[in-house]
Amino acid sequence: MAFIDFQEKWIVVTGASSGIGRAISIELSRNRANLILIGRDHDRLMETAASLGSSSHHLLLLDLNKLSTINEKIMELSRSVGRLYGLCHAAGVVETRPLNSLKIDGFQEMLDLNLISGIELARTITHRNVAEQGGGSILFISSVYSHVGAPGQVCYSATKGAISAAVRSMALELARRKIRVNSLSPGLVHTPMTSAAMGLLSDQQIKDIEDAHPLGTGTPEDVARAAAFLLAPQSAWITGIDLVIDGGYTAK
Amino acid sequence: MAQMTMSEALKWVADLFEEPLDNINPLTSREEIDAWDSLGTLSLLAGLDENFDIRLPIEQSSAFRTVGDILEVLRQHGQLMNQ
Numbered sequence: 008m009a010f011i012d013f014q015e016k017w018i019v020v021t022g023a024s025s026g027i028g029r030a031i032s033i034e035l036s037r038n039r040a041n042l043i044l045i046g047r048d049h050d051r052l053m054e055t056a057a058s059l060g061s062s063s064h065h066l067l068l069l070d071l072n073k074l075s076t077i078n079e080k081i082m083e084l085s086r087s088v089g090r091l092y093g094l095c096h097a098a099g100v101v102e103t104r105p106l107n108s109l110k111i112d113g114f115q116e117m118l119d120l121n122l123i124s125g126i127e128l129a130r131t132i133t134h135r136n137v138a139e140q141g142g143g144s145i146l147f148i149s150s151v152y153s154h155v156g157a158p159g160q161v162c163y164s165a166t167k168g169a170i171s172a173a174v175r176s177m178a179l180e181l182a183r184r185k186i187r188v189n190s191l192s193p194g195l196v197h198t199p200m201t202s203a204a205m206g207l208l209s210d211q212q213i214k215d216i217e218d219a220h221p222l223g224t225g226t227p228e229d230v231a232r233a234a235a236f237l238l239a240p241q242s243a244w245i246t247g248i249d250l251v252i253d254g255g256y257t258a259k
Numbered sequence: 058m059a060q061m062t063m064s065e066a067l068k069w070v071a072d073l074f075e076e077p078l079d080n081i082n083p084l085t086s087r088e089e090i091d092a093w094d095s096l097g098t099l100s101l102l103a104g105l106d107e108n109f110d111i112r113l114p115i116e117q118s119s120a121f122r123t124v125g126d127i128l129e130v131l132r133q134h135g136q137l138m139n140q
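Sequences listed follow chains B and L, in order.
Just so we're aligned, residue 8 is where the first sequence starts under this note's numbering, counting upward by one.
Just so we're aligned, residue 58 is where the second sequence starts under this note's numbering, counting upward by one.
Don't take every hint at face value.
Taking CB as the label site, the calculated pair distances span [what the hints assert, rightly or not]:
| # | chain 1 | residue 1 | chain 2 | residue 2 | range |
| --- | --- | --- | --- | --- | --- |
| 1 | B | 211 | L | 91 | 34 to 44 Å |
| 2 | L | 116 | B | 179 | 44 to 54 Å |
| 3 | B | 232 | L | 77 | 46 to 56 Å |
These are calculated hints, taken from the structure and not from any lab test.
Here the structure is a predicted model, which is why all the values come from computation and not from measurement.
Idealized CB from N, CA, C, for every residue including glycine.
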C-alpha cells in the first residue's frame, strides 16, 4: 500500500490555477484525492485540471476577496459531491512595499485573501453537514516570513504570521473531531506570483535572496510533496504544526 | 490630475522621502536623502505609479542620482509644468 493515499476523499484547493496551488492539486490527484479546484481564471483552472490524474474534480470559479460568497458556494458544491475531507488554502498575494508607502486598502485586500478567506473556508468545510465524520485535514500555505522578517514585507509577514497563530488555535478546537490543522512555510519558490513581486527588485537583490537559501530556491513541486504529506489521512497524529521547507533559509 | 508646479513637485518628493522641504531642490543628491535607499526606491516607484500612473523599470529608478532626475521623469510624462 502506498504511504500516502487519499482514497478518493474530497479536498478543496484554493489558488489552484497556478504556482504552488496548481502543483499541490496535481500531487494530491496523483495520490488519489478528489479535488474542488478554486481559482479566478477559468482557462488557467482548466490547464490545472488537464494535468490531473484520473481522480474526480470540480472547478469552482470564485473570487475569494468576496468573502460573503464563499460559504454558500462551498455548501452548494458539497451537496452535489458529498462530504469534504480537507482544505488546502494556497491562494495568496505578495507585494513588496515599504511601510511608508503602505495603503490600507491594499493591506486589507491582502489580509482578506491570504488569511480571512482561508479561515472562512475552514469554517465552511468543517460545518457538521459538510465535513466527513471520520475526521479531516486542513492545510494553510504560510511563508518563512511568518518566522523571520524582511524589509518591504510588513503586510505580507503580518498575514502569514496570523495564519500560523490561527492554525494552532484551530487545531486545538477541532482536535476532538479528528480534524487536523497545519501550515507550511516555504522559502523562496519561483512562481508567477513571486516573479511579479520580485519585478520591483534589482538583479542583485534577487541574487542575494536566492543565495540566502543554502539548498537553493525551491520548486512548487517541493512544496506540493510536503503538502500532500500533511494533508494525508496517514499523517493522523500531526496537528497544529508549521512545517518550514526553505532549503535552509531560516537555519542560519 | 493637473500639471504640478516646480514647488508642488519638490513638496511631493519631500513628502515621499519624509525630508524637510528646505532640504529638497533639483540638485539634491540621493546620498543627501537618508530615506532614498533601496526601499526608498520602491517607495518612489509605488508613488509614481499610484499618483501619476508612471510605471518605471527598477533599473531606471535605481539609476537616478538627484531629485532633478525624478523631476525630469515627471516632466517627460506631462506631470510637471515646463518652466
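Tested hints:
1. Our hint of 34 to 44 Å for residue 211 of chain B and residue 91 of chain L is violated, since their Cβ atoms are close to 21 Å apart.
2. Range check, residue 116 of chain L to residue 179 of chain B: Cβ separation about 49 Å, and the 44 to 54 Å hint holds.
3. Distance hint check: the CB atoms of residue 232 of chain B and residue 77 of chain L are about 54 Å apart, consistent with the given range 46 to 56 Å.
When the structure is compared with the earlier hints, a violation turns up for hint 1 alone.
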